[in-house]
Amino acid sequence: MSIASLSLEQAPPISVPFRFFLSAPLFLLLAALALLAAGPDALQSRWTPALLGITHLLTLGCMGMVMSGAMMQLLPVLAGTPVPNPRGVAWAIHLPLLAGSALLGGGLYSGATLPIILAVPLLAFAFAVFLGLSVYSLAVRAQAHNATTRAMLMALVALLFTIVLGLLLAAAITGLLDLPMPQLAALHVGWGLLGWTALLVIGVAYQVVPMFQLTPPYPKAVARWLGGTLFALLLLWSFHPLLPEPASGILALVAACGLAACVAAFSVITLRLQHKRRRKVPDITMEFWRTGLACLLAASVLWLAGQLSGALADSTFYPLALGILFLVGFALSVIQGMLYKIVSFLVWFHLQGKLPVGKTPNMKDIISDRAARRHWRAHLISLPFCLAAALWPWPWVYAAGGALLLGAALLLANLARASNLYRHALANGHGAGHPEK
Amino acid sequence: MTENSPAAVRELDARYLEPPEPMMRALAALGALRPGEKLRLLLHREPFPLYQTLGERGYTHRTAQLPDGCYEILIWR
Chain A
35 MSIASLSLEQ
45 APPISVPFRF
55 FLSAPLFLLL
65 AALALLAAGP
75 DALQSRWTPA
85 LLGITHLLTL
95 GCMGMVMSGA
105 MMQLLPVLAG
115 TPVPNPRGVA
125 WAIHLPLLAG
135 SALLGGGLYS
145 GATLPIILAV
155 PLLAFAFAVF
165 LGLSVYSLAV
175 RAQAHNATTR
185 AMLMALVALL
195 FTIVLGLLLA
205 AAITGLLDLP
215 MPQLAALHVG
225 WGLLGWTALL
235 VIGVAYQVVP
245 MFQLTPPYPK
255 AVARWLGGTL
265 FALLLLWSFH
275 PLLPEPASGI
285 LALVAACGLA
295 ACVAAFSVIT
305 LRLQHKRRRK
315 VPDITMEFWR
325 TGLACLLAAS
335 VLWLAGQLSG
345 ALADSTFYPL
355 ALGILFLVGF
365 ALSVIQGMLY
375 KIVSFLVWFH
385 LQGKLPVGKT
395 PNMKDIISDR
405 AARRHWRAHL
415 ISLPFCLAAA
425 LWPWPWVYAA
435 GGALLLGAAL
445 LLANLARASN
455 LYRHALANGH
465 GAGHPEK
Chain B
43 MTENSPAAVR
53 ELDARYLEPP
63 EPMMRALAAL
73 GALRPGEKLR
83 LLLHREPFPL
93 YQTLGERGYT
103 HRTAQLPDGC
113 YEILIWR
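Residue numbers (the numbering used here), protein chains in the order written: chain A, 35 to 471; chain B, 43 to 119.
Same shape as in the complex, but just chain A (with noise of 0.2 Å):
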């Protein structure tokens, strides 16, 4: 990937992705506080309303505005051109995701469907501003194509599918819509994790795992094969109810175990080379990579059991464990570590810009590495006690939310302190007639 055009006149202003990467902790926090709050009667399936409730809370609010934020730092690096108006992009993006998520979240937890009619226009709007963008970044004005930005152009079509899809439940729970709600949570559920998340993780992997954990590169077909491979069989997936039996079953099942394969081994292939890395120095992003590929992995041995036992498939615990190994276990580990890494280098890249040569601090010490190893240990023992709350509620969900709980303060504490570092540095150097460019 070119980044030649990697310079302060072509990155939005600061506080443009950080009100995403800052709203992002404080989602976490209320998704834990839901679930001890709702405590064991939370997982007595997956379709309880307080469950439905803090996942949103997790995908949308929290998952969601970091997704956001980050793109909308990539997208004029991977265009070459600065997007334009990026501040009332920002507003336009982020206050609706705000609102809509937190309504969605709160509106299914509480299963008052006002609410959920309310988030529908807003996440509509929000995501149709997000979309358009990155879509026209991406595939118009991209100067060059490569296994990042296909992967992200895949991606993006897998969240139109999701949200498509989630439009429709949202019309089905409030009455609006007559549809066959479990076949499209499935495929709303399928699109949003394999399709736009790890498909965007696929695609960012590529660049950012050789750039700063100093690995060798993909393999050369991976980097061409892998993304495709993928979402060709979630379509394969998704259209096998519209074959005759036994057609249809067997297609699934080669498609479902297709699925596991491809993120299995992006897992293994991703973790061989942060083993062959040039420099063995401790690095906490790469400890959230390593404990989120752990758990990709995983969730995709439990996805493949579950396609050859129907006893695991049928139980509760089948489908809370895998969304507890995608969302907590992969997903936020992976989007947690890489926050670090862009919130450090974010200020540190604004800072070098605006104060004089030898003025900016350190980017190692804009978050300590002990204070983010603090949170990666929290967010660590909250997995297991996620997992065990899937078969034992009771006493479990107290001790997982604790934990969850404990790793979104910790995470908040350190992104406002890398944004109050930030304010300080300028207000106290010479920047401090112009703070927000």
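Rather than coming from a laboratory, the hints here were simulated on the basis of the structure.
Note that the structure is predicted; figures quoted are calculated from it, not measured.
Take every hint as true, because none was put in to throw you off.
Just a few of them, taken from the derived set where beta-carbon distance is under 10 Å, the chain A residues facing chain B:
1) Phe246
2) Gln247
3) Lys398
Derived lysine-lysine pairs resembling DSS-like cross-links, with alpha carbons at most 30 Å apart:
4) Lys80/B <-> Lys393/A
5) Lys388/A <-> Lys80/B
6) Lys254/A <-> Lys314/A
7) Lys310/A <-> Lys398/A
8) Lys314/A <-> Lys398/A
9) Lys80/B <-> Lys398/A
10) Lys254/A <-> Lys310/A
11) Lys398/A <-> Lys388/A
12) Lys393/A <-> Lys314/A
Which chain B residues face chain A? A few, computed with CB under 10 Å, are given here:
13) Arg57
14) Tyr58
15) Glu60
16) Pro61
17) Pro62
18) Met65
19) Met66
20) Ala70
21) Arg87
22) Thr95
23) Glu98
In this text, a Cβ means the ideal position worked out from N, Cα and C, and glycines have one as well.
We have chain A already, so just place chain B on it with the hints.
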């Protein structure tokens, strides 16, 4: 950093460091150059973001790829 007389070329090996460490070290080394001196920078990737910064700060550079795949960038003002 080592002094490379007699050509008044200072050398900075920033290979296999995590971004943005190479750029930070390069900018610090450039700040420490005396008039007429040049900086020979060794990196494991081509530093596209650095070029922009160099241009903005009035430096000229010449890049050559080394046989081992690393890059040598000669920078002067």
